[in-house]
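There are 6 protein chains.
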Amino acid sequence: MKQKKYDLVTFGEAMVRLSPPHFQRLEQANNLDIQVGGGEFNVAVAASRLGLKCAWVSALPDNPLGRMARNKAAEQGIDISHVIMSPKGRQGLYFLEFGASPRASQVLYDRSNSSISLIQPTDVNWDNVLSYSGAFHVSGITPALSKSAAETTLTALQAAKRNGCVVSYDLNYRAKLWSTAEAQKCQTPLMKYVDILITTEEDTDRVFGLKGKNFEETARRLAESFGFKIVAITLRGDLSVWRNTWTAIAASGGKIYRDRTYEVEIVDRVGAGDSFAAGFLYGYLTSGIKKGLQFGNAAAALKHTIPGDLNWSTLQEVTAMVEGSGLRIVR
Amino acid sequence: MKQKKYDLVTFGEAMVRLSPPHFQRLEQANNLDIQVGGGEFNVAVAASRLGLKCAWVSALPDNPLGRMARNKAAEQGIDISHVIMSPKGRQGLYFLEFGASPRASQVLYDRSNSSISLIQPTDVNWDNVLSYSGAFHVSGITPALSKSAAETTLTALQAAKRNGCVVSYDLNYRAKLWSTAEAQKCQTPLMKYVDILITTEEDTDRVFGLKGKNFEETARRLAESFGFKIVAITLRGDLSVWRNTWTAIAASGGKIYRDRTYEVEIVDRVGAGDSFAAGFLYGYLTSGIKKGLQFGNAAAALKHTIPGDLNWSTLQEVTAMVEGSGLRIVR
Amino acid sequence: MKQKKYDLVTFGEAMVRLSPPHFQRLEQANNLDIQVGGGEFNVAVAASRLGLKCAWVSALPDNPLGRMARNKAAEQGIDISHVIMSPKGRQGLYFLEFGASPRASQVLYDRSNSSISLIQPTDVNWDNVLSYSGAFHVSGITPALSKSAAETTLTALQAAKRNGCVVSYDLNYRAKLWSTAEAQKCQTPLMKYVDILITTEEDTDRVFGLKGKNFEETARRLAESFGFKIVAITLRGDLSVWRNTWTAIAASGGKIYRDRTYEVEIVDRVGAGDSFAAGFLYGYLTSGIKKGLQFGNAAAALKHTIPGDLNWSTLQEVTAMVEGSGLRIVR
Amino acid sequence: MKQKKYDLVTFGEAMVRLSPPHFQRLEQANNLDIQVGGGEFNVAVAASRLGLKCAWVSALPDNPLGRMARNKAAEQGIDISHVIMSPKGRQGLYFLEFGASPRASQVLYDRSNSSISLIQPTDVNWDNVLSYSGAFHVSGITPALSKSAAETTLTALQAAKRNGCVVSYDLNYRAKLWSTAEAQKCQTPLMKYVDILITTEEDTDRVFGLKGKNFEETARRLAESFGFKIVAITLRGDLSVWRNTWTAIAASGGKIYRDRTYEVEIVDRVGAGDSFAAGFLYGYLTSGIKKGLQFGNAAAALKHTIPGDLNWSTLQEVTAMVEGSGLRIVR
Amino acid sequence: MKQKKYDLVTFGEAMVRLSPPHFQRLEQANNLDIQVGGGEFNVAVAASRLGLKCAWVSALPDNPLGRMARNKAAEQGIDISHVIMSPKGRQGLYFLEFGASPRASQVLYDRSNSSISLIQPTDVNWDNVLSYSGAFHVSGITPALSKSAAETTLTALQAAKRNGCVVSYDLNYRAKLWSTAEAQKCQTPLMKYVDILITTEEDTDRVFGLKGKNFEETARRLAESFGFKIVAITLRGDLSVWRNTWTAIAASGGKIYRDRTYEVEIVDRVGAGDSFAAGFLYGYLTSGIKKGLQFGNAAAALKHTIPGDLNWSTLQEVTAMVEGSGLRIVR
Amino acid sequence: MKQKKYDLVTFGEAMVRLSPPHFQRLEQANNLDIQVGGGEFNVAVAASRLGLKCAWVSALPDNPLGRMARNKAAEQGIDISHVIMSPKGRQGLYFLEFGASPRASQVLYDRSNSSISLIQPTDVNWDNVLSYSGAFHVSGITPALSKSAAETTLTALQAAKRNGCVVSYDLNYRAKLWSTAEAQKCQTPLMKYVDILITTEEDTDRVFGLKGKNFEETARRLAESFGFKIVAITLRGDLSVWRNTWTAIAASGGKIYRDRTYEVEIVDRVGAGDSFAAGFLYGYLTSGIKKGLQFGNAAAALKHTIPGDLNWSTLQEVTAMVEGSGLRIVR
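Protein chains in written order, with our numbering: chain A, 1138 to 1468; chain B, 1138 to 1468; chain C, 1138 to 1468; chain D, 1138 to 1468; chain E, 1138 to 1468; chain F, 1138 to 1468.
I should point out that these hints are in silico values taken from the structure, not numbers from a laboratory. Possibly wrong hints are sitting among the right ones.
Because identical chains cannot be distinguished in the list, a pair is counted as satisfied if it fits within a single copy or across any two copies.
As the list claims (entries may be wrong) - Here are the simulated lysine to any residue pairs, SDA-like style, with alpha carbons at most 25 Å apart:
1. K1392 - N1168
2. K1427 - N1351
3. K1427 - N1168
4. K1225 - L1245
5. K1348 - L1464
6. K1427 - E1361
Being a predicted model, the structure only gives us computed values, none of them experimental.
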């Protein structure tokens, strides 16, 4: 991966996330912890920590909150030269309440009129960004932000294809942003540019009305219907709010790839799917699907244990997890 | 419930609660989180959040701590016009240590000589408070506070009955406040004013020496012995300090009502019984015993997940819990 | 003031305020303290704490942040039955950075599309709210929020006048909300409903282009130009960011009223002007202009020492300040 | 000072102190910082840090709060073998609000029925404690706690005298504990056992009705009236709540001793007088009155800059202050 | 145990421990909680809290961090008169990350060149310390610190033996301090002074290459090979990072002692082994092996629930645990 | 400055800084705030925020603390590709206590054996780093770290000169790192590579024994003695620990440049001198000495108000300060 300008380029929003500490309800909080996160931002961070050279494309307001979001990308070694510090729009926010059984965790979005929702396809020189880059990743959240964001997503996907990038797409359906009908209508034309689809059974059912007898069949039918090279389906088991299981399977060329199932104690589950995407891309780009699945799952499992949207693991730690490190204190 | 002055009136102490953060022992703490709580105060808060128009009767010292306690009631929409800001007595305090298996959580009371322990029956115009009110709730903690508090409880119960209120009584035996003999002697004469008794098998055994072969029989015998319209028995299972099960049954007219059992991850279990009482009263007053049981259990289950004595749930959330909401993050 | 439904009604936005602790820049913050504040909200709180029976009219989103804002009003004893919990709009936010010389404190507003900016004149039954009420207070921030908010302000002022309320108006020019030309055009027609104008020399110069040789002349000319019964001008001296002086004068019937100047150590200066308004209204409504000025200044001085927008002083403390309490620790 | 069992023995209450962070009012606080303090406890701590071998006599409840108070004494190297861990009484508390000009700092005591207020003269074997000890120190707070505490104070003073201790007494009048008449009546008979009186002009006026034309005369008249060997008068100037001046003078044998005046920036002024007493005793016992005054003032000045009641300075630092260390960062 | 100077003397390092709050990775932390801990220090604290009269021998730098470590020992009632406040070396530090499944907790040591690593055998008058003392405890960490620390350990063990102390040794292998070969070479000659060996199966395998078919056989073979009077083997089961099981067995005179297995919810597992050692020594010295095992296990189980290295339990609580206290809140 | 690879390259250590919150003494702290700082690191950060393209050369351990330091540089937009993540050495730490008059702030260094102290001249390809770069900055701290660090500093200075960089040197004498004799001996040979010397009168007196009658003469004599193009002398006035004055003068070509004096309220004065250097270099490189002085002073003044070593100001804010912005809240 030496000669490439970037190993991976991602495109999407970064929100400032505000969460009450210690399981407080938002309504009762006296202070809020600050994190920065967003699907494609999280993917770039996790991939960068695994060693990929990453750029992240976005638009942020030119104010302290926008700078904070940009700084956090730079802090993780991500190229931010294509992040637009915009005079238009506001910083997207989200408020996150951590739950405990039987109270689920909850997100309150406050992201309308964000700078990136006002982005236009021509605001970014996509060929410049994506030429000589290895892969491009975006999720279904970005086109959901606004009509112009959807157009910009299409423009970016076309440029990625044109420039020979591996194109990865996380379906990531968000019911608070658009209806399933809107999501289907907007995203169906995008799928032809996609090589790797990352999704859940629930999301493909909701967005594409596609549901197999089991996840293997779902994956195969997705691959066939849209011509994806790879379909990865993540599988979460909700033992309780504080304890989940995590694994994923991948389908490619009619073959199903499987990996171990992790039991995770949940410090912060936001961004686990993004860590899967990053780990998968890292593993896939360096060694193929099997390693992709292993690194995706290990990265996702570790993410559950780390506060914030971001995966502060190292390549060494994720590799050790793949190889089976234990639960005993390391000293 | 439109014409009533109050749907529910409760009477009891509010303490300022001081608890070390993050499972620290009290002896090692460097700072303490502040909450306000107390059995009948908690009931009024939870009922008010479910939509009942509530008044809370109490006495507090006229100093910053007393004002803090009063403010917290007002914050939750409770009528505080019958709270006496008293020149006598101090603010009751309690210190709460959060445990982890095998160390149980612990309470250190520092509530003697509180303003409410000095209350006299004539300090409150009970007929004024309770006329045109739907229900009155008090627990076995209030009469345990002092002789004059016990007399005031009797006065209040009589006025409640006289004014046609549904009378609810949570037995709530507190060994640090009085002996079982004292509790029995004082409370037995109060029971004839009570319509709804809320209790545990352990407490009725300790206070009234009444123990059936199973909780159904206990409930039936309680109803028969004292003439209660409804007996609700709450049932907690201690899987560990951080994980419990919760349910309750109700007996009325010879019939036993049951509901699902919740498995709860415990952020703060104090006040769960009070949330049950509030949910039960809300459900019962609006739709009868079955809904009372469902709302009581759902409210109690949710309470375990919320820091502090108070139940910061909404009617919408409790209703969703009754209807079976899941554990997956809501976004 | 016994027979009145409310002694004081105020109308305006409450924002959730987020501020980095310990003089951090917003860009570097890891967590934010939460407060709730807003001009007319702050006035209602401070007046309520001084003993006036207050109602606050506003619109808030029906979500945890909106409830938080509403709760904080209730916590202070304010009647919130006229606060609209709206399905439209978002919760207004503002971010506050505390400075130190030579870095001034800074506010970053994020309040566009708030629920109150979407309010319509008919959303509130103003005659119902204001009949039998003693005074009505609004500031120049409310009409600046949106066209419909300006119309609603006019409707409210007319109803206040119609119902015989004393009408108080704090000019409070906010350059980030509108231009001086817009402010003048919108507010000039409102002034005829106003009895008491509270302002600074700087604001009347910016909004009305009216500037006397000194503040006494400015006050007199304002009173003459617009027919105000009373003009109060607040006077702040910036010794440093952490140390200011505060006083105010009032002009009425050609007479100038003066009071002592306070030197204040600044914990949080936001809301000092609102405390002045509340203290002035309390003193004026109970004893006339002189006491109004004294209580306004004492309340404003004390506000500088209290974190948050709100004035957690008591009537007893403000009275003691007027009477000259000292700086020595009280124990 | 080698042969002595203790260089200094003090006798008095230790309270658990609870204070809202960052200048919050108590009424608005969400958490409280914990410290332990009390006049004679503070003196023992500061003297121990200066190198005196100290014992502290007190009574505390045998619960986590009482143990916390005892631990903090041990942490500072104080002998706690004469602290009674009592089954009677509660832990004394006090709540401290930090002010800012013009709002003075405030203390809310919650210390009634503390274990030490229930102490009896015979609970301590005073001759055992005080034989072979160099000095004994108590303040006017201890006899104010209860009748039996006053009797115990008298018993202790007699034993101190009998065993040849230098006896130091800080007048420390607390209006919330007793009236000036009570203070005078109780303490006048105690004064004959006292060698060193530490006081302020205000306190001697209030307690003994003794006020000279200036502090030198006050000191001389005190020495004459009661036969004190040394009278030390501390002098605080309130420039503002955050900035004071501090110095003290001493009178002995008709001679007045003076020292430099410190200008202090106030982090926490509680315990400054106690630090003076400790520094004075250290300096006096090791080198005489002049050094006593210097070390007392330096220790008191430093105390203002340290959070909590206790003086976490070292002998090296206090010595450097006496010798004139500067304000520039040390690195 | 009356006549003894000390019931227990321990020798080893105390580190200042810095840990990110709330499961943060060290790399992402904004602040660190401070604790003080170290194997033999922890043993002395836990034993002191159980009522043994303990002294702790160590060397610390004469700076604020060294004083902090010393203070914490004094706070727990430990005799610190044999702690050397040294002009040489630095304060040992360690950074602790708390994990969650599947991420194990991790320790980053920063302890090289600590004051104790520079200790010389003659820096302590071992005969003075150990004469008339009941027991001496050291772990395999102390000789691993440096060559001179190993020599000092040998000197201490010889003096302990010479003075008739019961000698306890916790094998505590730390791979980051030395290799297994180094550990074996250094420690084998030390074993002949040891009466009680406390270890795990894993450590004896790594250090001595000794591994039985089961832990009973391992214990017996250890006892035989080295002539230990007692071998205690602690047994931890890793259900998850947040949930473990704990028990231990002891072998003595060919007999195996067993105790119940605790299931623990983990707040902080560091120091559990040290609590076992302390509880075992307490029980053994007062009542023999069986009680030693019971108190060791109960103390170790409780330690998992308490933040920091230290066991803030009381003798009463540990005794109650041995006798079977429950999980229900105590109030 | 377009064509250059870097506008500014700096070389030096970054330490992890640990400081007790709220003016606590280190010895009493329960938690520590984390910052990252170091002379040349701070200069790179402040210069980067002003718009210069900066690289920072250093060596850090390849562990979480080292990564934290590296991340913070990246977060501020600094090129970190020349930072060596080393297997050798530890992360340098320093502990900072914030003072209040009369207690000065204090630094406790724990930086020996840091990775950068083990650096060798050939570890960095200096010609690669410095070719096509505009300026090189180092301070007297770097050569003080170790002999090899001093050699590497010389190598770097030679390369800077060879590559035509403007060379800036901040004398920054640290008595805890070396003696004045060592500092003079090591640094005198370095001075011939220096264009801009930044210093204080005190430091040039201590290091070079050079002291003029006034700072103008000192500056002129320095320029003459060593052949500097520019000598900048910073001038701090200690009004108190919380209030200082700041200005600087520059001497060049026999001419003295002066600027306004700032009065600053001190949140955190560490790094003010580094901000001066950065502001001076920014202003000088873009517009000459006068603007250099203005930007240096404005940046330094602002730094005092910001927590941490780093200057989180923007170019816009520093420019506004130069142009005379006020102290009134900005909203």
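Consistency of the hints with the structure:
In this assembly of identical chains, K1392 and N1168 lie within 25 Å of each other by CA distance neither inside one copy nor across copies; the values are 50 Å within and 47 Å between. Taking the shortest Cα distances, K1427 and N1351 sit within 25 Å of each other inside one copy (20 Å), while across copies they are farther apart (39 Å). Proximity of K1427 and N1168 under a CA criterion of 25 Å is satisfied in neither setting, with 44 Å inside one chain copy and 39 Å between copies. For the identical chains of this complex, K1225 and L1245 are neighbours both inside a copy (23 Å) and across copies (15 Å), given an alpha-carbon limit of 25 Å.
In this assembly of identical chains, K1348 and L1464 lie within 25 Å of each other by CA distance solely across copies; the values are 22 Å between and 37 Å within a copy. Within a single copy, K1427 and E1361 get their C-alpha atoms as close as 20 Å, which meets the 25 Å cut-off; across copies the closest is 51 Å, which misses it.
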